[in-house]
Amino acid sequence: MSLRPFLNRLAPSGRFWIISLPYLWLGLFFLLPFVFVLKISFSEAELAIPPYTPMFEWVDSVLNMRINLGNYQWLLEDPLYLQAYWNSIRMAFISTLLCLLIGYPMAYAIARAPKHLQPAWLLLVLLPSWTSFLIRVYAWMGLLSNNGIINNALMGLGLVDAPLTMINTNFAVYVGVVYSYLPFLVLPLYANLVKHDTTLLEAAADLGASRTKTFFTITLPLSINGMVAGAMLVFIPVVGEFVIPELLGGTETIMIGKVLWQEFFSNRDWPVASALAVIMVLILLVPIALFHHFQSKEVSR
Amino acid sequence: MMRAPRFSFVNIAFWMGIAFLYLPMFVLVVYSFNESRLVTIWSGFSVKWYAELFQDKQLMTAVWRSLQIAFYSATSAVVLAIFASIVVVRIKTFRTRRVFTTAITAPLVMPDVIIGLSMLLLFVAMTQMIGWPEQRGMTTIWVAHTTFCLAYSTVVISSRLIEMDRSIEEAAQDLGASAMTAFVRVTLPLIMPAVLAAWLLSFTLSLDDVVIASFVTGPGATTLPIEVFSSVRMGVTPKINALATLIILVVSLVALASWFISKRYNDKVAVALKSERS
Numbered sequence: 152m153s154l155r156p157f158l159n160r161l162a163p164s165g166r167f168w169i170i171s172l173p174y175l176w177l178g179l180f181f182l183l184p185f186v187f188v189l190k191i192s193f194s195e196a197e198l199a200i201p202p203y204t205p206m207f208e209w210v211d212s213v214l215n216m217r218i219n220l221g222n223y224q225w226l227l228e229d230p231l232y233l234q235a236y237w238n239s240i241r242m243a244f245i246s247t248l249l250c251l252l253i254g255y256p257m258a259y260a261i262a263r264a265p266k267h268l269q270p271a272w273l274l275l276v277l278l279p280s281w282t283s284f285l286i287r288v289y290a291w292m293g294l295l296s297n298n299g300i301i302n303n304a305l306m307g308l309g310l311v312d313a314p315l316t317m318i319n320t321n322f323a324v325y326v327g328v329v330y331s332y333l334p335f336l337v338l339p340l341y342a343n344l345v346k347h348d349t350t351l352l353e354a355a356a357d358l359g360a361s362r363t364k365t366f367f368t369i370t371l372p373l374s375i376n377g378m379v380a381g382a383m384l385v386f387i388p389v390v391g392e393f394v395i396p397e398l399l400g401g402t403e404t405i406m407i408g409k410v411l412w413q414e415f416f417s418n419r420d421w422p423v424a425s426a427l428a429v430i431m432v433l434i435l436l437v438p439i440a441l442f443h444h445f446q447s448k449e450v451s452r
Numbered sequence: 002m003m004r005a006p007r008f009s010f011v012n013i014a015f016w017m018g019i020a021f022l023y024l025p026m027f028v029l030v031v032y033s034f035n036e037s038r039l040v041t042i043w044s045g046f047s048v049k050w051y052a053e054l055f056q057d058k059q060l061m062t063a064v065w066r067s068l069q070i071a072f073y074s075a076t077s078a079v080v081l082a083i084f085a086s087i088v089v090v091r092i093k094t095f096r097t098r099r100v101f102t103t104a105i106t107a108p109l110v111m112p113d114v115i116i117g118l119s120m121l122l123l124f125v126a127m128t129q130m131i132g133w134p135e136q137r138g139m140t141t142i143w144v145a146h147t148t149f150c151l152a153y154s155t156v157v158i159s160s161r162l163i164e165m166d167r168s169i170e171e172a173a174q175d176l177g178a179s180a181m182t183a184f185v186r187v188t189l190p191l192i193m194p195a196v197l198a199a200w201l202l203s204f205t206l207s208l209d210d211v212v213i214a215s216f217v218t219g220p221g222a223t224t225l226p227i228e229v230f231s232s233v234r235m236g237v238t239p240k241i242n243a244l245a246t247l248i249i250l251v252v253s254l255v256a257l258a259s260w261f262i263s264k265r266y267n268d269k270v271a272v273a274l275k276s277e278r279s
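Chain order of the listed sequences is A and B. My numbering applies: residue 152 is where the first sequence begins, and numbers increase by one. My numbering applies: residue 2 is where the second sequence begins, and numbers increase by one.
Same shape as in the complex, but just chain B:
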């Protein structure tokens, strides 16, 4: 293995890139504890903006609504993604497979404004034709978020499913388990870390979306990002800095959790492989 020296060009470039990625957020966190209303001049340590944040009823309602939408979207996206991953990885022969595989990854790159607009037009047409959805709000945001989270979840889950050794499942079937039982009792537990990672990723993606939600939402159903966006447009305020700090904290914890889940899984697999060889 040829290894680059410690202070090589690429390593310096890497750490400069990391600094570029982290410094702006670091500054934001520091200034959320600033006493002054002027966000760029430091006048003393204070947590008053956090206190003000929790007294904002409208904001707290939006937070709760966003958390609910994220929970339901992540759950339904992951269930659909397990099915979709089986199709992508294992069912190689059906007539419109190309359409399916293209459609499943297309939302990954499709600009948000297009997804948002097209979804809204669908909901409007559906209301006219079949009377559902009666009004736009949490349900329509849930449907829209499930659709784009499905794409991300399928990528995460199918990449794990591809690495899976099929012979274990076949062994279960040879021993008399039905295809269904073999999948649920053998394969599903093995891909569980990927399913969890996909769920957490979908949860954060849903919690973060402002554009699609703005299109498909209805009267009175503002989500947290919509709320944040409308106040951010007015300029930088210390209260939003405080809110941003909390979001960064929560999301980092979620990301770290999902990283440890998949790391522990990988370590286990590595140990299992080692003991098998020796």
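One chain only, chain A, in its complex shape:
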């Protein structure tokens, strides 16, 4: 009995267990894997299982460590990879802008709708994002193809003589990306806009400002946190997007997610795929930090 207080002091507190359970899981299955990606990006591809050379080798009581920088050199020298990174960033940037242009009025409309209608309107926007991503991209394959519904309609109306080539182009990728990611931008933007103090707008109106002026001098600057959080929710995943460029894009669509997939599955070059991933993470660090910063600002408001 007398041992008990002593044991209690040794045993970790409940707080310790609450922190360590999710922490361990994240550490083991989210943070640690990046160490392996980094490690394998410095090895060489080999015809073996697993298909790369080990970093450490124990030969004649000497521990050898091999760091191969060849993969990175290879990536920097081949213009294909640089082109792929550049394309991905550019396409992610343009589609984020398009999402903002379409999504901002939508989020604004929900936030200014009568209170009792807001949840239903928000649900209308979010419902498609619950439906399978794959199927939503697939839906556009049928719409955009050469003998697809849009082309049939255009030709039926006599607007065009020959079908427009839309599938397997960058245009189709933009449509697919905006379509798939739009709800992710509307949600944080709405959450921001709905919290605005509307008396500010009334004050501006009383002082004679037009609706447009009020919007650009009050609403827009106040919504910057929501805009950045939403924009990052679109931009970051789109940089590494694979499914959309694969299904809707063509040969002109060289995006880094697709290149990584091909290196891994078709060429079975795990080290080059890892090096591609490492550089992608480095590029995304700034946007991820931005997202985290504005996200926590939003939460603490």
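Keep in mind that the hints are not guaranteed to be accurate.
Claimed, not checked - In the DSSO-like style, the derived pairs of lysine-lysine whose C-alpha atoms are separated by at most 30 Å in a straight line are:
1. B/Lys-269 - A/Lys-266
2. B/Lys-264 - A/Lys-448
3. A/Lys-266 - B/Lys-264
4. A/Lys-266 - A/Lys-346
5. B/Lys-93 - A/Lys-346
6. A/Lys-448 - A/Lys-364
7. B/Lys-49 - B/Lys-240
8. B/Lys-93 - A/Lys-448
9. A/Lys-346 - B/Lys-264
10. A/Lys-346 - B/Lys-269
Unchecked claim - Non-contacting residues of chain B with respect to chain A, defined by C-beta distances greater than 12 Å in every case (computed):
11. Lys-58
12. Met-61
13. Gly-132
14. Gly-138
15. Glu-170
16. Leu-197
To be verified - One side only, chain B facing chain A, incomplete, derived with CB under 8 Å:
17. Val-88
18. Asp-113
19. Ala-245
Bear in mind the hints are in silico, worked out from the structure with no lab data behind them. Just so it is clear, CB atoms sit at the ideal spot from N, CA and C, and this is done for glycine as well.
For chain A, the structure is supplied; the task is to place chain B on it using the hints.
What follows is chain B alone, placed relative to chain A:
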């Protein structure tokens, strides 16, 4: 409250956006009942593609496997997320808190190809070092899905936990309940709608993932999205339209269910607050 007129620019933009979001799926559903093999030319109403769907043994196995993975992933993600939410919302002081909060939301935005590749490399290294996992398949997909569903679930649950009035739990503790009892008997029932919503969201996310599963799966363990993806790559077929229609139907029902759960909860809270004030 300044309200926009009914036919204002933003309202028209909103409904045009809604049309943009729904029309493609509507077309897909309509054409799943098309008799012709040619997916874009209407030749008559038929449900034969649905019949063909249910006779596809390989597909049905994949459906069952995906449902199991989604069930287990959602359950484990939600349990971990309850713990993680307590950490994010209530435990403000520990040394590596910033690392924790960043790591918990990072999977939300991390591209799928990176999560998939890094997870696979971890599993390969683990097999070499400790012999587990012996082979890749359902278990490895479950681990991977739990990890990214944990991020989404934590966002959903912690946003509810933040709004919770702590004094109720403190009252329970003043009356002699242990911290554990107070949490399980008082707080947990109050955040239950969020827990359920998080579970349903995780379930649909797991059911939908093709990229991560493709990386971490092993021989013979194809999931439904992997199966769909490989046939979609070949082009549009009416059979996939039929399958897509069923998935849209099921997922919409799940989403509506979770919406009603949280709406009923909100109404209850609103009523309770009103009666308290009067």
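For each hint, the structure was consulted:
Pair hint B/Lys-269 plus A/Lys-266 holds up; C-alpha atoms about 17 Å apart against a cutoff of 30 Å. Distance hint between B/Lys-264 and A/Lys-448 is fulfilled; the C-alpha atoms sit about 27 Å from each other, no more than 30 Å. About 13 Å separates the Cα atoms of A/Lys-266 and B/Lys-264, which keeps this hinted pair within 30 Å; it holds. The hinted pair formed by A/Lys-266 and A/Lys-346 meets the criterion: a straight-line CA distance of about 12 Å does not exceed 30 Å.
Simply put, B/Lys-93 and A/Lys-346 have alpha-carbon atoms about 25 Å apart, close enough for the 30 Å limit, and the pair holds. As the CA atoms of A/Lys-448 and A/Lys-364 are separated by approximately 26 Å, the hinted pair is consistent with the 30 Å bound. Proposed proximity of B/Lys-49 and B/Lys-240 is supported: the alpha carbons are some 9 Å apart, at most 30 Å. Between B/Lys-93 and A/Lys-448, the direct Cα distance comes to roughly 16 Å. Compliance with the 30 Å bound is thereby established for this hinted pair.
For the hint linking A/Lys-346 to B/Lys-264, the alpha-carbon distance of about 19 Å falls within 30 Å, and the restraint holds. With a C-alpha separation of about 22 Å, the suggested pairing of A/Lys-346 with B/Lys-269 holds against the 30 Å cut-off. Even its closest Cβ contact with chain A, about 21 Å, leaves B/Lys-58 beyond 12 Å, as expected for a residue assigned away from the interface. Distance check for B/Met-61 against chain A: the nearest CB is about 17 Å away, which clears 12 Å, and the non-interface claim stands.
Listed as outside the interface, B/Gly-132 is consistent with that label: its C-beta sits roughly 14 Å from the nearest C-beta of chain A, beyond the 12 Å cut-off. Every Cβ of chain A is farther than 12 Å from the Cβ of B/Gly-138; the closest lies at roughly 17 Å, confirming the non-interface assignment. The beta carbon of B/Glu-170 is kept farther than 12 Å from every beta carbon of chain A, the shortest such distance being approximately 14 Å. Residue placement check: B/Leu-197 keeps its beta carbon more than 12 Å from all beta carbons of chain A (closest about 14 Å).
For B/Val-88, the shortest C-beta to C-beta distance to chain A is roughly 5 Å, which falls under 8 Å, so the interface hint holds. Given the 8 Å rule on beta carbons, the hint for B/Asp-113 holds: about 7 Å separates it from the nearest Cβ of chain A. Annotation: interface hint on B/Ala-245 holds; nearest CB of chain A at approximately 4 Å, less than 8 Å.
Of the hints listed earlier, there is not a single one the structure fails to meet.
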